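There are 4 protein chains.
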Amino acid sequence: MLEELKKEVYEANMQLPRLDLVTFTWGNVSGIDREKGLFVIKPSGVDYKDLKPSDMVVVNLEGNVVEGEMNPSSDTPTHTYLYNHFPNIGGITHTHSPWAVSFAAAKMDIPAVSTTHADTFFGDIPTAPALSDEEIEEAYELNTGKVIVKEFKRRGLDPDAVPAVLVSQHGPFSWGTTPEKSVYNAKVLEVTAETSYHALQLTRDEIHAPQYLLNKHYYRKHGANAYYGQENAKSKEHANRK
Amino acid sequence: MLEELKKEVYEANMQLPRLDLVTFTWGNVSGIDREKGLFVIKPSGVDYKDLKPSDMVVVNLEGNVVEGEMNPSSDTPTHTYLYNHFPNIGGITHTHSPWAVSFAAAKMDIPAVSTTHADTFFGDIPTAPALSDEEIEEAYELNTGKVIVKEFKRRGLDPDAVPAVLVSQHGPFSWGTTPEKSVYNAKVLEVTAETSYHALQLTRDEIHAPQYLLNKHYYRKHGANAYYGQENAKSKEHANRK
Amino acid sequence: MLEELKKEVYEANMQLPRLDLVTFTWGNVSGIDREKGLFVIKPSGVDYKDLKPSDMVVVNLEGNVVEGEMNPSSDTPTHTYLYNHFPNIGGITHTHSPWAVSFAAAKMDIPAVSTTHADTFFGDIPTAPALSDEEIEEAYELNTGKVIVKEFKRRGLDPDAVPAVLVSQHGPFSWGTTPEKSVYNAKVLEVTAETSYHALQLTRDEIHAPQYLLNKHYYRKHGANAYYGQENAKSKEHANRK
Amino acid sequence: MLEELKKEVYEANMQLPRLDLVTFTWGNVSGIDREKGLFVIKPSGVDYKDLKPSDMVVVNLEGNVVEGEMNPSSDTPTHTYLYNHFPNIGGITHTHSPWAVSFAAAKMDIPAVSTTHADTFFGDIPTAPALSDEEIEEAYELNTGKVIVKEFKRRGLDPDAVPAVLVSQHGPFSWGTTPEKSVYNAKVLEVTAETSYHALQLTRDEIHAPQYLLNKHYYRKHGANAYYGQENAKSKEHANRK
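Chains as they are written, first to last, in this note's numbering: chain A, 1 to 242; chain B, 1001 to 1242; chain C, 2001 to 2242; chain D, 3001 to 3242.
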C-alpha cells in the first residue's frame, strides 16, 4: 500500500540527520496521497539508523492508522489537522532544530532580513501562540494544528507562500508540495533563524528587508515569472538579458 | 567480573565523542549493578580511541577499587556519593560540554524554555553552589557529590524527574536508569543549554514555559500515561485519537 | 571551448560545499578568459553532487550565453558587470554564507579587527547599500553589480586590495585573480565576519586594528616586499633575519 | 638531521586541522632539541594535505635556517625569541583559531571561569598589548616575541603554569614541554575562550572562579601531588579515598 510514497517519506526522513536538523529521534516527516486521502508518517521514537521504508505508518484523514505495525509519530494529529486545512500541501516536517527552537522559546517571529529568507518565505515566519492549559489537556497535538491554522487565518497568511511556522515554546513545522520540499523548507528556516539571530545581536535598528526586495527574491523562484534554476520558462530569457 | 556491565559502560563512554560531548579525555560514564553493590567506571585520563571494555574499573560503594589495573576516573568519589544517595539511578555521566559549562560558569540554572527541555527534564536544571575553600581542600570530589545531593534536597527536587545538575564553575553531571540513558540526558542537557542561551539573548522577557506545558511533554514520555515511542501501552490508543 | 577554464571553475565551485560556504545550491563561482573576453559560470540551481565540468556555461561580456545547454546562474548579470568594471579580476564567487549574511542583514561593514582579516583584506569589507525599488524592478542582478562598483568608487577603494563586498540584505561577493582565489577570499570573509561578530559582542570599545598593523599584515602577503609562503623572493631573506 | 623531532613536529602540525584549529595554512608548530640548540618548524604557507616530515625546517637559536629547502614559517622570529626566553618549553603552537582571535581583537584576557580552564591554565590567559607602529616596522615577528615575554614579566606570570598568550589584534601562541603539548594547550585555549565568551554574555556579574578552585584543579593535574590520569603516583591513593 502506497509503496512509492512510503519510500519517498522514508528518504525525506533520512534527510533530517544529514541536514543536521535532528538530535536523536526528534523529528518526523509525512507525505500525503491526496487522491486516496491517506498519508504516510514516520513511526514514533524510532532511531534513524534503524528506520526502513516498510516501517512507515499509513494514516487516514480522520487520523486513524489504516496500515503499519508500529505506532505513528505522536505528532500525527497535528499532521492530520494541517493536511485537512492546508489543501495544497503534500508533505510536512517537524523538527526541534536549535535555532528555530530558540525563536520559539522567545516567542518571536523569524524576521525576513535577507534574500536567503525571501527566496523561500514570503515574509516573516510567524510564531503561533502557546497553547492554553485547557487546549493542552484536551487534545495537545490536535490543538497544536488548530493554533497554527488559526494564526495563519488571523494574520491573513497564505500557507503556500509562507510554508512554515513556529509554535511558541515548542518548535517548527514546515510543509511543501512534496515531503522532500517540506524538509528543504525546514532547513531554510533553520539557516534563516541563525542569520536573523546574529543580525539582531549586531544592531537594534529595524532590519526587516523592504517588501520590494522580498517580492523580487520570492518571485525569482516562485510563480509564472520565476527564472531561477533549469525548469523555469523564463530562465533562458533572463540569462540573455543585459 | 561484571563483563556485561563493563561492555555497557564502555559503549556508553564511546558515545561521548560521537555525540560531540567531550574534548580529549574530559568525560566519564559509570554504571552500577545494584544487587552486587558494585559500579564500573572509565579509567582516568585514557584516550577514547585507546579505550577497551577490559579497561573499565570496578569500584564498591565505599569508593574502593575492587578490580582493574588502571586508576579509575578522578571523579569516582562523586559517582560513589551519587549512587549512595540517589537510589534509583543506574548510570552517571560527567562531561565538560561547552554550553553546559557556560551556564555553570555564569552560575545560572538552565531554564525550561521549550518542549525539547520538558521532554526530558521536569523543570529547570539546577546549578549547585560552588564548593567552599574548605570543602575543596577536605575532599573535593566527594564534596562535589554532597553539594549536588544537598541542592536537590534544598529545592525539593526528585533526581529521577530532573536527571542532571550543573556544579558552579565546573560542569554537568547527569544520570539515568542505565549508563546509556545518562549519556542521553547529558546530550539533551547540552542541546537545551544551547537553545536557552540563544532565547535569553533574543529577549529579556520572562521565557519560562508554563508548568502545564512542561507537565504535558514530560508525561508524554514518562510514567503510566506516556504515549511517545513504541513501548508505551498508550501509544496505539493515542495514535487513533482524532 | 575553454575546457581548461571550465574544469577550473568546476573545481572552484566544488570547493564551496567543502569549505562549508553553501547550503543546497546557494552559491556560484565564475572565471574569465580575458583574452577571449568570455567567462565560464555555474548553471543555475544545480546540485553540487550532480555538477560536471561540462555543465559550465560560457557567457560573453555582453552577458549573452555563447555555449552551454543549461541556464547560467541567475546572478550572471552581476558577474558580467563586475568583470567589465574590475579589469584585473579573474574569478568571482557569490555565496549566502551565514556570518557574512548576518552583517549584510544588519547593513554593517565587516570591521578589520585582526590580522586574520588584514592578511587578505586591506581595510574593512564594505557593505553596499540596498537597491531601491526601481533598481530591483528594472534589472535586479545587473543593478547589484552597479551598486557594488559605485560603492567602491564612492569610498575610493581598490577592488584588488579589498577583494569582496557585502550587498545589503543580500550577501557576499568576492573575487580574485583566479576562480580559486575568489573562493579563498569568500572563506576568509566568512571567518573574519565570525570573529568580528564575537569581538563586537565582547566589547563596545572601538576595536578597529590600527592602520600600521593592517599595512604590515597585508604587505607580508601581497606586493613586491611580501615574504609569506614559498614563492616570494623576500621569504628566505626574512627567514634569516634575527 | 633531527629526524625524530621532525616527525614529531610534523605530527603536531597535522593535529591542527584535525582539532579544527586552522583554516587553510594559518597555523604552525615548532619543537626544540635543547641539547643541540636547534628547533624544527613548519615551512611557510604550505597546505596541510601536502606537508611531509622532510619539509620541516631546522633553525638555530639565532633564528638562522641551518637545514631545509623551504622557507620556514614567517613567524619563526617569534618562536626563536620565545625559546630563548622561556627556558623550559619544548614546543610552540601558533594559530588563528576563531574564539581566541575574538578575544585578541577585543583586547581582553580570557578569564578563568571554570575548571575546564583551570585544569590547564593557572589563572587568566593574558592578552599582550598591540605592537606600536615602530615595533612593527622594525622587526614585526621578533617584537611579537618581545611583547609576549615583557607582558609575562610585567604581570609576574610563570610561562610554565600559564602556557599561552593572546597578542592583541592578532591571535594565540601556546607552548608546552613538547610540540604535542603545545597543540593540546592551543585546543584548551580555544575551548575555554568559547565557554568564557558565552558565560560573559549570560551574566554581567563577576564570574572569575575563586583562586582555591583554580588551585585545586590545576594541582589535580600538575606537580608532585597530581592524581589525574594513569601516571601520577597519587592516583591510586586518591581512588581509594572515601
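I should point out that these hints are in silico values taken from the structure, not numbers from a laboratory. Each hint should be verified, as a subset may be incorrect.
Said to hold, decoys possible - Simulated DEER-style distance windows between Cβ atoms:
hint, chain 1, residue 1, chain 2, residue 2, range
1, D, L3051, A, M14, 30 to 38 Å
2, A, S54, C, K2036, 52 to 60 Å
3, A, T177, C, E2069, 23 to 31 Å
4, D, T3203, B, G1223, 52 to 60 Å
5, C, D2050, B, D1020, 53 to 61 Å
6, B, K1221, A, M1, 28 to 36 Å
7, D, E3206, A, K52, 51 to 59 Å
8, C, D2050, D, N3088, 37 to 45 Å
Bear in mind that the values here come from a model prediction, so they are computed numbers and not experimental data. Yeah, the Cβ is synthetic: ideal placement off N, Cα and C, and Gly gets one too.
Quiz item: Taking the beta carbons of C/D2050 and B/D1020, is their distance inside 53 to 61 Å?
Solution: With a Cβ separation near 30 Å, C/D2050 and B/D1020 fall outside 53 to 61 Å, so the hint is violated.
Quiz item: Does the Cβ distance between A/T177 and C/E2069 fall inside 23 to 31 Å?
Solution: holds (27 Å)
Practice problem: For the range 51 to 59 Å, tell me whether the beta carbons of D/E3206 and A/K52 fit it or not. | Solution: holds (55 Å)
Practice problem: Evaluate the given range 37 to 45 Å for the C-beta pair formed by C/D2050 and D/N3088. | Solution: violated (56 Å)
Quiz item: Is it true that D/T3203 and B/G1223 lie within 52 to 60 Å of each other by Cβ?
Solution: violated (35 Å)
Practice problem: Using the Cβ atoms, figure out if A/S54 sits within 52 to 60 Å of C/K2036. | Solution: holds (56 Å)
Quiz item: When you take the CB atoms of D/L3051 and A/M14, is the distance between them in 30 to 38 Å?
Solution: For A/M14 against D/L3051, whose Cβ atoms are near 37 Å apart, the range 30 to 38 Å holds.
Quiz item: Measuring from beta carbon to beta carbon, are B/K1221 and A/M1 in 28 to 36 Å?
Solution: Once the Cβ atoms are compared, 30 Å apart, the range 28 to 36 Å for A/M1 and B/K1221 holds.
The structure shown violates the earlier hints numbered 4, 5 and 8.
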